[in-house]
Amino acid sequence: MTDSVGLPRPTVDIVREKFPRAVVETVEFRGEQTLILKPEYLVAVCSYLQKNLQYTFLSTITAVDWLERVPRYDVVYHLLSLGQYGQGQEGRDITSPPERLSAPTVSELRLKVRVGEKGEEHPTLPTVTGVWPGANWYEREVYDLFGLIFDGHPDLRRILMPIEWTTHPLRKDYPLTGFDLPEPHWGGQVPYDTDPVVGNLTLRTPDGRELNENRSKITQNQEPGTPKKP
Amino acid sequence: MQQQEIARTYTVEEGQAADDGQRSDTMTINMGPQHPSTHGVLRLILTIEGETVLKAVPDIGFLHTGIEKTAEAKTYHQALVLTDRMDYLSPLCNNLGYALAVEKLLGIEDEINDKIKYARVLLAELQRIASHLVWLGTHALDLGAMSMFLYCFRERELILDVFEYVSGVRMMTSYICPGGLQADMPPGFDAKVRAFTDIFPNQLREYHNLLTNNQLWLERTKGVGKLSAADALAYGASGPVLRGSGVAWDIRKTIPYSGYEKFEFDIPVGSNGDVYDRYLVRMLEMEQSLQIVLQALEGMPEGRYRVANPKVTPPPKWELTGNMEALIHHFKFYTEGYRPPQGEVFVRTEAPKGELGFYIVSDGSAKPYRMHVRAPSFANLEALPLMVEGQLLSDVVAAIGSIDIVLGEVDR
Numbered sequence: 127m128t129d130s131v132g133l134p135r136p137t138v139d140i141v142r143e144k145f146p147r148a149v150v151e152t153v154e155f156r157g158e159q160t161l162i163l164k165p166e167y168l169v170a171v172c173s174y175l176q177k178n179l180q181y182t183f184l185s186t187i188t189a190v191d192w193l194e195r196v197p198r199y200d201v202v203y204h205l206l207s208l209g210q211y212g213q214g215q216e217g218r219d220i221t222s223p224p225e226r227l228s229a230p231t232v233s234e235l236r237l238k239v240r241v242g243e244k245g246e247e248h249p250t251l252p253t254v255t256g257v258w259p260g261a262n263w264y265e266r267e268v269y270d271l272f273g274l275i276f277d278g279h280p281d282l283r284r285i286l287m288p289i290e291w292t293t294h295p296l297r298k299d300y301p302l303t304g305f306d307l308p309e310p311h312w313g314g315q316v317p318y319d320t321d322p323v324v325g326n327l328t329l330r331t332p333d334g335r336e337l338n339e340n341r342s343k344i345t346q347n348q349e350p351g352t353p354k355k356p
Numbered sequence: 203m204q205q206q207e208i209a210r211t212y213t214v215e216e217g218q219a220a221d222d223g224q225r226s227d228t229m230t231i232n233m234g235p236q237h238p239s240t241h242g243v244l245r246l247i248l249t250i251e252g253e254t255v256l257k258a259v260p261d262i263g264f265l266h267t268g269i270e271k272t273a274e275a276k277t278y279h280q281a282l283v284l285t286d287r288m289d290y291l292s293p294l295c296n297n298l299g300y301a302l303a304v305e306k307l308l309g310i311e312d313e314i315n316d317k318i319k320y321a322r323v324l325l326a327e328l329q330r331i332a333s334h335l336v337w338l339g340t341h342a343l344d345l346g347a348m349s350m351f352l353y354c355f356r357e358r359e360l361i362l363d364v365f366e367y368v369s370g371v372r373m374m375t376s377y378i379c380p381g382g383l384q385a386d387m388p389p390g391f392d393a394k395v396r397a398f399t400d401i402f403p404n405q406l407r408e409y410h411n412l413l414t415n416n417q418l419w420l421e422r423t424k425g426v427g428k429l430s431a432a433d434a435l436a437y438g439a440s441g442p443v444l445r446g447s448g449v450a451w452d453i454r455k456t457i458p459y460s461g462y463e464k465f466e467f468d469i470p471v472g473s474n475g476d477v478y479d480r481y482l483v484r485m486l487e488m489e490q491s492l493q494i495v496l497q498a499l500e501g502m503p504e505g506r507y508r509v510a511n512p513k514v515t516p517p518p519k520w521e522l523t524g525n526m527e528a529l530i531h532h533f534k535f536y537t538e539g540y541r542p543p544q545g546e547v548f549v550r551t552e553a554p555k556g557e558l559g560f561y562i563v564s565d566g567s568a569k570p571y572r573m574h575v576r577a578p579s580f581a582n583l584e585a586l587p588l589m590v591e592g593q594l595l596s597d598v599v600a601a602i603g604s605i606d607i608v609l610g611e612v613d614r
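Those sequence lines, one after another, are chains A and B. Position in the first sequence counted from 1, then plus 126, gives you my numbering. Position in the second sequence counted from 1, then plus 202, gives you my numbering.
Chain B with its partners taken away, still in its complex shape:
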């Protein structure tokens, strides 16, 4: 069949581990899908000569679960839970991107009040810190600094406690939904967040003390995995990968959404595009995110936690026993769902990994006709061969860690 012919015309280039003995000093090895340092089920086919990597070909698709296809069979409210599971280390950020896209499609963006915006920003920034903590822990673990892993996860537990407090769920919360939040933030929320923000600056200082000027860390990360700004832009790399290469692009600042324009924060930008710069960018981002969390906490206004539109927001349970319209709205919302007008939207947000985009096409029915997710790790991973070709084998591990990929969103 034609597809198989196209598939089989791909061969590894001449002169690499060839049987006819042209170059017998290279080896083609598999950094297989099961590998502790690939951060998920990523397969890399590396052609190496001694320790130097000549060619790196990523093979993805091991975590492909057909999320985009499944979303076509769910109502907009049901499809929300699918979005948690793509970048599974920052589910609230995925929820936020999806909610913004659906709200834009519905045309209810103006109904989102400040309380909802502040709450979303607060949770998204907490989620960013949590995601960066996982990155830091696993990246340091790969490069040999094993205790970092436990320190970072210990801090992350406090953030997961906050999520459990507001939504009942530690990770896949689906708490940010189109129309607002799933439930009001309970009293005592402030104290829970402060339990984290009070100790985190000290912990961050400790992480800097351990790694930032550590000779071993510098040797492993400085000058390794370089990506130039032009290459990063050409390959669509975004987030800390792009900022580490010197491009000062952060969607929260340049195309603000959900009230980010009201917050004061800085964007760390690197200059060399190597692993060390990306490390520093993320470390400083955690600090900035903490500032945003504190600002959101101070300035949190009062208000509804969900829009008053009965088509998008199911009525509270206590209304169902007395009010006929409430019962009907509840029934229609959970069985059929709301019908956005025909059209399409693409909304970009700054997820911890980079530019997360949701492209939703509506044909007027209650289910998305097409939902495509622009995953930041997909494009960032595409730039991996540029970072590692010509470097040593151990630099591959450093480079993969520095891109911060999550295979759930690469493969969807």
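Chain A on its own, in the form it takes in the complex:
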């Protein structure tokens, strides 16, 4: 990422030039650059960063819940350009002109998207799994713990909490010590009749003998993750 005299240009300037309508704000704090984007331009900017500016490494995707603010959530992406150390640059679009005049440099970038302007319970935003396949589990984690829905995600289900959990623990209005668990739960028999991940599949040996024939058939009387009703 260099300008015409070979000096490195900050990524935020390049993105501002290329996508003027996408950038809401840029922030610099303690030497770190943050680019705040509009959700609808997220995938375009990410694609551009990954292909043309060599930000091939997605470190993490997370979210921050600003309870009193509208829009409520910040979804934060941390990117890394490996510069001259990175290989695996297959897939770079060779038809677009290279944006750099000399060797790419190691750079770090933070992208932020603010979602939840309408105050909805489950804000949605586009997925970046098309740009970085590794985003899959990070977006699942954000869905699991915050309740944000990623449009176009191939497999959006809970990853850390049990699959039948109904609330989103990392939200600021979820109490630190949680709610009482419904009874019975985990202490006695398993309170579901289908394995949440395997589904309704009957597990069989090759001879046809059922493997999960001793499933318990207790149903729940309280949704896990919600307060106990009196």
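Rather than coming from a laboratory, the hints here were simulated on the basis of the structure. All figures in this text were calculated on a predicted structure; none of them were measured in a lab. Treat the hints with caution; some may be incorrect.
The calculated DSS-like cross-link candidates involving lysine-lysine, where the alpha carbons are at most 30 Å apart (straight line), are [said to hold, decoys possible]:
1) LYS276/B - LYS513/B
2) LYS298/A - LYS569/B
3) LYS428/B - LYS177/A
4) LYS298/A - LYS534/B
Here's a subset of chain B near chain A, in silico, CB distances under 10 Å, partners left out [stated by the list, open to error]:
5) GLY263
6) ALA432
7) ASP433
8) ALA450
9) VAL547
10) PHE548
11) ARG550
12) VAL563
13) ALA581
14) LEU583
Just so it is clear, CB atoms sit at the ideal spot from N, CA and C, and this is done for glycine as well.
Starting from the structure of chain A, add chain B where the hints point.
Quick look at chain B alone, frame taken from chain A:
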């Protein structure tokens, strides 16, 4: 509810252990959360045909303890003890990452003197060796070389002795804190570290003799669990997993922190991306870490073990009886804690497992508004299905061992 609908739309694909008999020759088995070879509470749902794995789906979350949520309720100094317990095999490295992030947030990075930097590097590299020893012992144990387990843990005891000598605690030391170290390194520290560094080169040679050119080891690990460089980068794999696939990326060299630029060491890089390459990368890393430890020991400067900033460093106990300000600072530090300015930081370090990142958001209060930990094992584990699909069932065990996951940081 909408979430449940989204959850239940996930089904295993057509043609796999289906009831209607389309493919009755596949089996979907559970490599359950309790399994000696999953290195923690990891559940893998494997669809196999004979011995070949067709599909592997990891199911995690069994060790989720809500560390990120808990950190929002603790002051910055209290949250330090939470960081030990994520990657519980390398607590000092987690402490270091957290300390660097908080120091950056506070803006006191320039106050960290060379003594603190050298001490942190020394301890972090000792911790890296300890973590790799656990990896080697358990990985070899899984693949049948059982005596390796005891040899590695015997060596690790000497490192844990060093940690106990400086901090009083063998594992969850919380010794590296924002502002420096919790206590000064006592005299005799040098001798304790040398008790380990004197014998370790011989032990490492012995481990190489046992495994590196061993025909059985080669058969189990060469060509197994391949991960290409492009896939590793696309999935965010880091550390020995990324270096084993041929990408020469080590944060200690490329984005140096805590004085690593002053040390001379090499980065081992593999070429094939298989289990054997990752094994060799870690073995050679242990050797390099030993060199760093020796350099740090030789060059350890004198100085304060903690910054002189009274807001970040509580005063020594003997001052409290005579000095009013010391008493007030002590009281405020331990009850309320220091208040960083509003803002956010993300600091990356090279933990033994890979890129460990701490993202801390401060709203100006004494407690972190949000602390997110970028755990290396989380991303490395995401690449597991790529490594094992199409391989044999026993290769799954080899691949899991070679990624070196710690479920404490995967689940947090």
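For each hint, the structure was consulted:
no. : hint                : result
1   : LYS276/B - LYS513/B : holds, 17 Å
2   : LYS298/A - LYS569/B : holds, 14 Å
3   : LYS428/B - LYS177/A : holds, 25 Å
4   : LYS298/A - LYS534/B : holds, 26 Å
5   : GLY263              : holds, 4 Å
6   : ALA432              : holds, 4 Å
7   : ASP433              : holds, 8 Å
8   : ALA450              : holds, 5 Å
9   : VAL547              : holds, 6 Å
10  : PHE548              : holds, 5 Å
11  : ARG550              : holds, 7 Å
12  : VAL563              : holds, 6 Å
13  : ALA581              : holds, 6 Å
14  : LEU583              : holds, 8 Å
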